[in-house]
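Colleague: Sequence:
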Amino acid sequence: MYARRLLIASLTASALAWSMAAPAHADTLIKVGTLKLIHGITPYFYDKFTPPGYKIEVIPFETPTDGKNAVVTKSVDFGTYGLAAAVLGAAAGEPVVVVAPMSNGGMGLVVGAKTGIDDFKALKDKRVGLLPGSTQEAVFLERLKAEGMGIKDVKPVRVSFSEMAGALERGDIDAYIGAEPGPSLSVTRGVGKVLEYPYGTPMGSVNMVMTTHADTVKNKAELAELFLDIHRQASEYAMANRGELVAMSSARLGLPADVANLAADNVKYVWKIDDDWIQRARYYGSLMLERRQIRKLPDYEQFIVTGLNPQGGPR
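What the sequence shown shows, in the numbering used here, is residues 387 to 701, in sequence order.
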C-alpha cells in the first residue's frame, strides 16, 4: 500500500512539474519578406499592430527576384517587392498573387553631378545603371519610348539597387534609374542630382506590391485578412509618423537621418486596392508584354486578389 501511494505521489509530482515546465502555446509565426529599401520599411512596424497569438518575422532580400522566389517556394508567408517581379512570375505560371499595394514612388533617375547631363535626351550613349526585371527598368523603357529613344541609345549596366549610388560616385556609370535611398544618398553626398522622378507615364508612381502564394489565399484566407489589416495599420502609421519612419530607416537600413528624411519625401506607403491602381497595374503588364518581357499577361482575376483587402477595394 505504501509503495502504491509513493508511486501515485511520484507520478502526480512528475505531471505537475511537466505542466509547469511545458511552454505555453506558441504564437503563430508570420514570415514577411521585404527589400532593403526605405519604401520596403513598413513590415518593421507590423509588430505594433500584431494581435496576441501572432508573431512577425521580417526577412530582408537584396533583389525583387529573390523576394518573389521566397514567396513561390513558401520560404516566407508574404513578400513585398516591385510589381514587375510579380508580373514576371505570374505570367510564367508561378503561383504568386498580389493582395495589396505596398508603396508608390521611391524611384529616381539620377545623373552624375559633373556629367553635364541636363535633360533626358542627353543620356544618349551614356552608361546607365539599371536592374533587369525591376519596376524601374520598365519605367525607364517607357520614358525612352516617350523621348523617341530605345535601350540601344544608351549603354545599360546591370547594377543592384544597393550598389547604384556607389557606382555613380566611383564613376563606373554616368546615371542610374534606381530606388530610394540611392537617389537621396547621391544628392546628399553631392555626387549626383535627380534628373527626374519618372512618374509621368500612365503607370504613375506604382511600385511595390504585397504578395503571397496562391495557396495562402485558398487555404488560409483568415490569416491573410488578419495580415492585411496589420499591413493597413502599419502603412498609415508610417505615413503619419515621419520621425519614427526616419528612426526606423536609420536602425534597419543604416541611413543617416538627412538621407532618410529626403528619401521619405519620395515615397508613399499604401495598402488599398482601388480601380485606379488596378488600371495602372494592368497597363504595366501590357507594356511588359509589348516589350516581350513576358509571353502572356497574367490572369488578372486570379493575380490581383481584391476580396481580402481591408475596407474593400473593388470586389
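These aren't lab readings, by the way, just hints derived from the structure by calculation. Treat each hint with caution, since some may be false.
Unchecked claim - Below, in silico cross-link-like pairs of lysine-lysine (DSS-like), each with a Cα-Cα straight-line distance of 25 Å or less:
| id | residue 1 | residue 2 |
| --- | --- | --- |
| 1 | Lys460 | Lys579 |
| 2 | Lys606 | Lys441 |
| 3 | Lys460 | Lys507 |
| 4 | Lys606 | Lys579 |
| 5 | Lys682 | Lys434 |
| 6 | Lys422 | Lys538 |
| 7 | Lys654 | Lys417 |
| 8 | Lys538 | Lys579 |
| 9 | Lys604 | Lys579 |
| 10 | Lys606 | Lys658 |
| 11 | Lys682 | Lys654 |
| 12 | Lys510 | Lys417 |
| 13 | Lys417 | Lys531 |
| 14 | Lys434 | Lys579 |
| 15 | Lys510 | Lys531 |
| 16 | Lys606 | Lys531 |
Said to hold, decoys possible - With beta-carbon atoms standing in for the labels, derived distance ranges:
| id | residue 1 | residue 2 | range |
| --- | --- | --- | --- |
| 17 | Lys658 | Asp685 | 19 to 25 Å |
| 18 | Gln665 | Glu582 | 19 to 25 Å |
| 19 | Leu415 | Glu622 | 38 to 44 Å |
| 20 | Asp413 | Gly586 | 42 to 48 Å |
| 21 | Ile537 | Ser672 | 26 to 32 Å |
| 22 | Gly439 | Ala508 | 55 to 61 Å |
| 23 | Lys500 | Glu611 | 48 to 54 Å |
| 24 | Pro588 | Arg628 | 26 to 32 Å |
| 25 | Gly557 | Lys441 | 44 to 50 Å |
The model shown is predicted, which means the values in this text are computed figures rather than measured ones. For every residue, glycine included, the Cβ atom is placed at its ideal position computed from N, Cα and C.
Colleague: Look at each hint and say if it fits the structure.
Modeller: Cross-check of the supplied hints:
Taken as a hint, the Lys460 and Lys579 pair is broken in the structure, with Cα atoms around 40 Å apart against an allowance of 25 Å. For the given pair, Lys606 sits about 16 Å from Lys441 by alpha-carbon distance, which is consistent with the 25 Å threshold. Taking the CA atoms of Lys460 and Lys507, the gap is near 43 Å; set against the 25 Å cutoff, the hint is violated. Restraint check: the Cα-Cα separation between Lys606 and Lys579 comes to about 46 Å, which exceeds 25 Å; the hinted pair is violated.
Our distance criterion of 25 Å between C-alpha atoms is broken by Lys682 and Lys434, whose separation comes to about 40 Å. At roughly 30 Å between alpha-carbon atoms, Lys422 and Lys538 are farther apart than 25 Å, so this suggested pair is violated. Only pairs whose Cα atoms come within 25 Å are accepted, and Lys654 paired with Lys417 is accepted, the gap being roughly 23 Å. Between Lys538 and Lys579 the CA atoms are separated by roughly 24 Å; this keeps the pair inside 25 Å, and the hint holds.
Between the alpha carbons of Lys604 and Lys579 the distance comes to roughly 46 Å, so the proposed pair goes past 25 Å and is violated. In summary, the hint linking Lys606 to Lys658 is supported, as the alpha carbons are separated by about 20 Å, within the 25 Å threshold. Between Lys682 and Lys654 the CA atoms are separated by roughly 30 Å; this puts the pair beyond 25 Å, and the hint is violated. With a CA separation close to 43 Å, the supplied pair Lys510 and Lys417 exceeds the 25 Å bound.
As the CA atoms of Lys417 and Lys531 are separated by approximately 39 Å, the hinted pair breaks the 25 Å bound. Restraint check for Lys434 and Lys579: the C-alpha separation of about 36 Å exceeds 25 Å, so the hint is violated. Restraint check for Lys510 and Lys531: satisfied, since their Cα atoms lie roughly 13 Å apart, inside the 25 Å limit. Between Lys606 and Lys531 the CA atoms are separated by roughly 42 Å; this puts the pair beyond 25 Å, and the hint is violated.
In this structure the supplied range 19 to 25 Å holds for Lys658 paired with Asp685, their Cβ-Cβ distance being about 22 Å. For Gln665 and Glu582, the Cβ-Cβ distance of about 23 Å falls inside the hinted range of 19 to 25 Å, so the restraint holds. Distance hint check for Leu415 and Glu622: the Cβ-Cβ separation is about 24 Å, which falls outside the suggested range of 38 to 44 Å. In this structure the supplied range 42 to 48 Å holds for Asp413 paired with Gly586, their Cβ-Cβ distance being about 45 Å.
Taking the beta carbon of each, Ile537 and Ser672 are about 18 Å apart, not inside 26 to 32 Å as hinted. Restraint check, Gly439 to Ala508: a C-beta distance of roughly 57 Å satisfies the suggested window 55 to 61 Å. Distance hint check: the CB atoms of Lys500 and Glu611 are about 52 Å apart, consistent with the given range 48 to 54 Å. Between Pro588 and Arg628 the CB atoms are about 30 Å apart, so this pair conforms to the stated range of 26 to 32 Å.
Checking the proposed 44 to 50 Å range against Gly557 and Lys441 shows it holds: the Cβ atoms sit about 46 Å from each other.
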